[in-house]
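Participant: Each chain is listed here by its residues.
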Amino acid sequence: VAALITAAFLKQKVLTTIRESYESNNPRGVQVADFLDDGAYKNLLRSVGTLKLKKTEMRDMYSFFAAGGKGLAFFRSSEFLSFVSAVTGRVLSSADVSVRMFMHGNYTLMHDDRETDAVEFYFDMTPEWNPSWGGYTVFLSEHGEKLAVQPAPNTLLLAQSGRSYVKYVNCRAGGEGRLVVCGLLK
Amino acid sequence: MIRSFSDHELAALSRQFRNAKPFPHAVLHNVLDDSRKALAGLRKEPFTLKDTDLFTFKQTNNLYYARTGAVKRVVAALSSPGFSHLIGRISGKKLRAGAVDVFGALYEQGDYLLCHDDQLEGRTIAFILYLGDDFSAADGGALALHSSKGKHPSAVVQRLYPEANSLVFFEVSARSWHEVEEVLSGKKRYSIGGWLH
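Listed in order, the protein sequences are those of chains W and A.
If you read the first sequence in the numbering used here, its first letter stands for residue 742, the second for the next number, and so on.
If you read the second sequence in the numbering used here, its first letter stands for residue 3, the second for the next number, and so on.
Note that these hints are calculated values from the structure, not bench results.
Any given hint could turn out to be false.
Reference excerpt, derived from the structure (chain A facing chain W, CB under 7 Å, subset only) [stated by the list, open to error]:
(1) Glu-110
(2) Gly-112
(3) Cys-117
(4) Pro-155
(5) Leu-186
(6) Ser-187
Just the calculated beta-carbon pair ranges, DEER-fashion [stated by the list, open to error]:
(7) A:Lys-46 with W:Arg-787: 54 to 60 Å
(8) W:Glu-798 with A:Pro-83: 21 to 27 Å
(9) W:Met-802 with A:Lys-52: 28 to 34 Å
(10) A:Asp-53 with W:Met-799: 19 to 25 Å
The model shown is predicted, which means the values in this text are computed figures rather than measured ones.
For glycine and all other residues, C-beta sits at the position ideal for the given N, C-alpha and C.
Bound-form chain A, shown alone (with noise of 0.2 Å):
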């Protein structure tokens, strides 16, 4: 389900992750061998609308109870030893197997997520795996990661744009400031997302 990454390959990925600014990220490419069967059994979860003062986007329930035979699929790959295994390879943490509370989550024109710093108890990695359209900067919805400055949010260093079937991971610290920038165009942003502990 998920690819197998060449030594060579994880030795660039492991460089990268360290050496990422403002804090420590890794981007992997072509992450699944069917990404478009597992954004096809996404469409066909239920998704609730998500309404803060923080956020306003369209959220799955817990994906452990996913509707979908392509969906359960790609949790279960996402909570396997082997995922741990690779992130932890990369990040140089080590991480227990089976990532917990996964969801969907859709942006759509409008939709946002503000600076926030992803913190609680036992998160260590955050990943984010993209299974919607490709962005630009013209459509928003970037992953827009802040430098600090004291105990709060500075400048955005960074802006990864979704593209599909990739998947953004970075380490889960105090200093971990990231927010999904507005999508300004007609495209959807589909994601699936958890934390490894």
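Extracted from the complex, chain W is given alone in its bound form (with noise of 0.2 Å):
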């Protein structure tokens, strides 16, 4: 699993300048379009199609399917964690990583208890996604305010851990579902 990372977020300029536009935001966070290259791109897509979802579910926390598995290696790869390790100044050796496929009725919710001392990052696989499904990525600031940020595919949102939910999905979105890499980076 080497060099899957689009090149040019290898450069240490760039890598600069998203670890300088991770640190400015509140809560800490950054979206990197064109994370991996198109041809890990599509290798992902199709390993990420052979896993099984499973409905996981706890009410009064989180609602969705989910998969884990070898498909999801790269995320637990040095190559992925160097690079997180690079734009968070955190040294990181742990990567709990699932795929979560978000339908209608599925979300996430925020608990007093959430670790805030660990990186957690999306990484998103849907080619198109309309903002009135919900289904979006909300982060919190500490004084309150909310940034929406809206699914795109083969895009990276890295961020401080615990200060984001997935909104619920609603009818709207009829059959159609968020698909999402998800994890959490110690």
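If you follow the hints, you should be able to join the two separate chains into one complex; please do so.
Facilitator: Dropping the structure here:
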């Protein structure tokens, strides 16, 4: 799993810009479009397509379909962890990663006991998404201001953990679903 | 304003409340003598969009500051010793007169309130007076009551669909997990809700 990240993002100058952007946001976070090179992204889509998603639900906390497995190995690799470390300035050694599908009726909620001292990421694989369907990621600043980030394909969202939720997917989504790799890095 | 209930009705409601699953609740029908006026008044109150991880719906300010006479009369009735006495008699709970924090709510297509337990210090009974359209399964908008597993909600055991001029009330506790399921149709789910202490 080497050199899957789009080459431009590995140049020191670009990395520094991404890092500055991450640090300047409240909560800390940054969105990187076209994160994987085309071939790697297509391979990932293929391998995720073979995973069996299972309903995962704790009604007062979350509801979605999820799967883990070898198909997500890139997000546990040293290449990915090194990139995230370079952006966040954190030493990272472990990754809890799963692919999730948010269909009509699915969501995540924020919790008081959430982990706020790690890095979380969302890597989206949904070709098209309509904001009126819900299902987007919302970040809350310390002052309660909200920032909604819409899913976009091959886009990585890195953020300080515990400050985000996925808005309930409403009936306007019909049979559409948001496919996203989510993870917590420590 | 709120109709009277016979001893026979009260005894039946009391049994309904005690035996209800997954936690004590009951439904009163044909509650207001003129619910249409109350709905017309509620429609004139200003609603604000409420949007968090837990919900999307529209809510009024505290209706103690209602603008319309019809809504003021409903709030006065829900805050009266008579109402507390009625719900106290059915539920077997000692309740203070005077509902606090009475709000109007409007759920339209796509609006919902996810699973929560309503617990805040002092709340004994939660109530919702439905004033809008009658709902069925195709419309969504049910008040869904969940069973509990440990400290968390489990399966939906009961779905109560809004019926105009009915009042649902339930005991607030660590296991009173409930939600307003998403409204799926174009119907308007208007209600006035609050808590008795």
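Participant: Do Asp-53 (chain A) and Met-799 (chain W) keep their Cβ atoms within the hinted range of 19 to 25 Å?
Facilitator: 22 Å, holds
Participant: Does Gly-112 (chain A) pass the interface check with chain W, least Cβ-Cβ distance below 7 Å?
Facilitator: Holds, because the Cβ-Cβ distance from Gly-112 (chain A) to chain W comes to roughly 4 Å (cut-off 7 Å).
Participant: Hint Glu-110 (chain A) vs chain W: min CB-CB distance below 7 Å?
Facilitator: Violated: closest Cβ of chain W sits about 11 Å from Glu-110 (chain A), beyond 7 Å.
Participant: Hint says 21 to 27 Å; check whether the CB-CB distance for Glu-798 (chain W) and Pro-83 (chain A) agrees.
Facilitator: The hinted range 21 to 27 Å is violated for Glu-798 (chain W) and Pro-83 (chain A), with Cβ atoms some 43 Å apart.
Participant: How about Cys-117 (chain A): closest beta carbon in chain W under 7 Å, or not?
Facilitator: 4 Å, holds
Participant: Under 7 Å, Cβ to Cβ, is where Ser-187 (chain A) needs to be relative to chain W, so tell me if that hint holds or is violated.
Facilitator: Where the cut-off is 7 Å and the nearest Cβ of chain W is about 9 Å from Ser-187 (chain A), the hint is violated.
Participant: Identify whether the interface hint at Pro-155 (chain A) stands, where standing means a beta carbon of chain W within less than 7 Å of its own.
Facilitator: 5 Å, holds
Participant: Hey, does the Leu-186 (chain A) contact hint survive, CB to chain W under 7 Å?
Facilitator: 5 Å, holds
Participant: Taking the Cβ atom of Lys-46 (chain A) and the Cβ atom of Arg-787 (chain W), is their distance within the range 54 to 60 Å?
Facilitator: 57 Å, holds
Participant: That 28 to 34 Å hint for Met-802 (chain W) and Lys-52 (chain A) (C-beta), does it hold up?
Facilitator: 20 Å, violated
When held up to the earlier numbered hints, the structure conflicts with 1, 6, 8 and 9 and fits the remainder.
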